[in-house]
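Participant: Read off the chains here:
2 protein chains.
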Amino acid sequence: MANFDKTAVLGAGVIGASWTALFLAAGKDVCVFDVADNVEGEVTDYVEKAWPTLLEIGLAAEGRRGALSFAATPEAAVVGADFVQENVPERLPIKLELYQRIEPHLKASAVVSSSASGLMVKEMQAGWENPARFVLGHPFNPPHLVPLVEVIGNERNDPAALLDAEAFYREVGKVTIRVNKEVPGHVANRLQAALWREAIHLVNEGVASVEDVDTAVWAGPGLRWGAMGPHMLFSLGAGAGGLAEFCNRYADSFHRWWDDLGTPQITAEVAEKLGQGVADEAKGRGVDALSTKRDALIVAHLKAVKDLR
Amino acid sequence: MANFDKTAVLGAGVIGASWTALFLAAGKDVCVFDVADNVEGEVTDYVEKAWPTLLEIGLAAEGRRGALSFAATPEAAVVGADFVQENVPERLPIKLELYQRIEPHLKASAVVSSSASGLMVKEMQAGWENPARFVLGHPFNPPHLVPLVEVIGNERNDPAALLDAEAFYREVGKVTIRVNKEVPGHVANRLQAALWREAIHLVNEGVASVEDVDTAVWAGPGLRWGAMGPHMLFSLGAGAGGLAEFCNRYADSFHRWWDDLGTPQITAEVAEKLGQGVADEAKGRGVDALSTKRDALIVAHLKAVKDLR
Numbered sequence: 001m002a003n004f005d006k007t008a009v010l011g012a013g014v015i016g017a018s019w020t021a022l023f024l025a026a027g028k029d030v031c032v033f034d035v036a037d038n039v040e041g042e043v044t045d046y047v048e049k050a051w052p053t054l055l056e057i058g059l060a061a062e063g064r065r066g067a068l069s070f071a072a073t074p075e076a077a078v079v080g081a082d083f084v085q086e087n088v089p090e091r092l093p094i095k096l097e098l099y100q101r102i103e104p105h106l107k108a109s110a111v112v113s114s115s116a117s118g119l120m121v122k123e124m125q126a127g128w129e130n131p132a133r134f135v136l137g138h139p140f141n142p143p144h145l146v147p148l149v150e151v152i153g154n155e156r157n158d159p160a161a162l163l164d165a166e167a168f169y170r171e172v173g174k175v176t177i178r179v180n181k182e183v184p185g186h187v188a189n190r191l192q193a194a195l196w197r198e199a200i201h202l203v204n205e206g207v208a209s210v211e212d213v214d215t216a217v218w219a220g221p222g223l224r225w226g227a228m229g230p231h232m233l234f235s236l237g238a239g240a241g242g243l244a245e246f247c248n249r250y251a252d253s254f255h256r257w258w259d260d261l262g263t264p265q266i267t268a269e270v271a272e273k274l275g276q277g278v279a280d281e282a283k284g285r286g287v288d289a290l291s292t293k294r295d296a297l298i299v300a301h302l303k304a305v306k307d308l309r
Numbered sequence: 001m002a003n004f005d006k007t008a009v010l011g012a013g014v015i016g017a018s019w020t021a022l023f024l025a026a027g028k029d030v031c032v033f034d035v036a037d038n039v040e041g042e043v044t045d046y047v048e049k050a051w052p053t054l055l056e057i058g059l060a061a062e063g064r065r066g067a068l069s070f071a072a073t074p075e076a077a078v079v080g081a082d083f084v085q086e087n088v089p090e091r092l093p094i095k096l097e098l099y100q101r102i103e104p105h106l107k108a109s110a111v112v113s114s115s116a117s118g119l120m121v122k123e124m125q126a127g128w129e130n131p132a133r134f135v136l137g138h139p140f141n142p143p144h145l146v147p148l149v150e151v152i153g154n155e156r157n158d159p160a161a162l163l164d165a166e167a168f169y170r171e172v173g174k175v176t177i178r179v180n181k182e183v184p185g186h187v188a189n190r191l192q193a194a195l196w197r198e199a200i201h202l203v204n205e206g207v208a209s210v211e212d213v214d215t216a217v218w219a220g221p222g223l224r225w226g227a228m229g230p231h232m233l234f235s236l237g238a239g240a241g242g243l244a245e246f247c248n249r250y251a252d253s254f255h256r257w258w259d260d261l262g263t264p265q266i267t268a269e270v271a272e273k274l275g276q277g278v279a280d281e282a283k284g285r286g287v288d289a290l291s292t293k294r295d296a297l298i299v300a301h302l303k304a305v306k307d308l309r
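Here the protein sequences line up with chains A and B, keeping their order. The letter at position 204 of the first sequence is residue 204 when you use the numbering used here, and the numbering goes up by one with no holes. The letter at position 197 of the second sequence is residue 197 when you use the numbering used here, and the numbering goes up by one with no holes.
Some hints here could point you the wrong way.
Since the list gives no way to pick one copy over another, a pair counts as held whenever it fits inside one copy or between any two copies.
As the list claims (entries may be wrong) - Derived DMTMM-like pairs: lysine to aspartate or glutamate, alpha-carbon spacing no greater than 20 angstroms straight-line:
#: 1; residue 1: Lys283; residue 2: Glu40
#: 2; residue 1: Lys293; residue 2: Asp259
#: 3; residue 1: Lys122; residue 2: Glu56
#: 4; residue 1: Lys122; residue 2: Asp260
#: 5; residue 1: Lys107; residue 2: Glu75
#: 6; residue 1: Lys306; residue 2: Asp295
#: 7; residue 1: Lys181; residue 2: Asp259
#: 8; residue 1: Lys283; residue 2: Asp37
#: 9; residue 1: Lys181; residue 2: Glu211
#: 10; residue 1: Lys181; residue 2: Glu123
#: 11; residue 1: Lys306; residue 2: Glu171
#: 12; residue 1: Lys49; residue 2: Glu123
Since the hints were derived computationally from the structure, they do not count as laboratory data.
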């Protein structure tokens, strides 16, 4: 594979700052561009705060840290970069203008990967003379903690660019999947949407409280989903017979449950009810305390399993 | 709350044996009944194998272990029991006959809780003269590892019996939720069904491989679901604005994704395709190796977070 020692991060909100920390931790040089005045302070702070965690989960190592620099323009940021992660606001005109500006300044071998979650690759390709090495690399927030990156291209890509992007992400410690066909929400957001739809339905119908539905996830199947995905788990659940046996045994149950799943909409009333339920679940704890707890749980988990994967 | 020092476990397959290990670990005496000839050997083996794990995750403690005994009949098993966990095969006539046999021999204060996943409380109540203290306590496999128990009753219950069951489960280290209204699949199986339906759809449509869909779960949202449930996670995802702000920002995206979610059926062809995908994902590893890995990941996770909950 190609060498990707020099990277650029375009757009340095929370996602861009998190990517920056991760790339630096892997020993990559990072040149950051963002329109915000205070980008240098914000990104530097973010990196410093993330660093102990990156060390703890093994993504950073003592004595390894790329050089962090800032550029006044996106054109300047990408000069000499081998890999560019783009995280500007998710509005198509902003993305397209950026691509037009940077394309003439890129190395021929550079890969440009967009963190976009809602836009389609084919829409974003409109900003390129030659979109062969422009791909989508969709992370989960925050990218330096959650391993998944969904890598997506289409027939206008050089297949090598997708392989290069995957190799780069793996090198910096990510776990990639290849999305072969663009659908709204890619893969993981659709799975989240499917789960949340039924979670909302159960609350709406009075089957269980918001807190109890949340508990049903983390204390139940969520615990297993942190280990393996649903196909493998169900296959193992049937022992030697595997998924074929699982389907034999439980297809009728699943069909019955599927027929009964809800199809709520997020109305103002539903949002209000869910918000009240989360407030009850919070039991007086604020957003900061709960976010800290969430991250502590995730970091402890990642640290505990890192040698078992 | 009442004291639940003496317990009975009726039906000692994998679920019953796992409950037995957990109750013993909490210092409860357990009297086991099962129709199988080799029940004594099987259950004793299961408990011995589970014990190091129970110690590791803090559910057992040195010097604390209830007395294990076996009864030749269910009537004998429940005599003097404060709490009875019933796990006989999930066929209604078997359950009803068992309840009729044990009811005259129960202490007035005893709670009887069924592990049934598919039968409804109201169906099972038909086996009782007085179902006031008969509840459903649905675990996830294996009960000594996965914390969740779904507790369900209805208007024919003494509300105190549900509170007693919850108190008992918490005492032995479980996390309970209250299901207020019976629906097929209770709560957690419906959530699993919702997720798996879309997971199957994405494979069917060629969006991603079985392995990549599984990876999208454990390396992505599954990692977060092992920490918190979807309502709380999305609420925290919107920062200070909470779930109301999250709904404002993302309701349109979710509605678009929901409209596009698939509704596959588990046909023979689908089962075959999923089975092949899991075989690819297994990369030559057998069921035992993968099950061991799954349990090692879950135990490491539980151990890592036990002081953070």
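Participant: With reference to the structure, classify each hint as holding or not holding.
Facilitator: Taking the hints in turn, this is what the structure says about them:
1. Lys283 / Glu40: neither (37 angstroms within a copy, 45 angstroms between copies)
2. Lys293 / Asp259: This pair counts as neither: shortest intra-copy Cα distance 36 angstroms, inter-copy 34 angstroms.
3. Lys122 / Glu56: neither (39 angstroms within a copy, 51 angstroms between copies)
4. Lys122 / Asp260: between (36 angstroms within a copy, 19 angstroms between copies)
5. Lys107 / Glu75: Within one copy only: 12 angstroms inside, 80 angstroms across.
6. Lys306 / Asp295: both (16 angstroms within a copy, 15 angstroms between copies)
7. Lys181 / Asp259: Only across copies: Lys181 and Asp259 sit 18 angstroms apart there, 27 angstroms inside one copy, limit 20 angstroms.
8. Lys283 / Asp37: neither (38 angstroms within a copy, 50 angstroms between copies)
9. Lys181 / Glu211: between (36 angstroms within a copy, 16 angstroms between copies)
10. Lys181 / Glu123: Cα proximity of Lys181 and Glu123: one copy only (14 angstroms, versus 46 angstroms across).
11. Lys306 / Glu171: within (15 angstroms within a copy, 32 angstroms between copies)
12. Lys49 / Glu123: neither (35 angstroms within a copy, 56 angstroms between copies)
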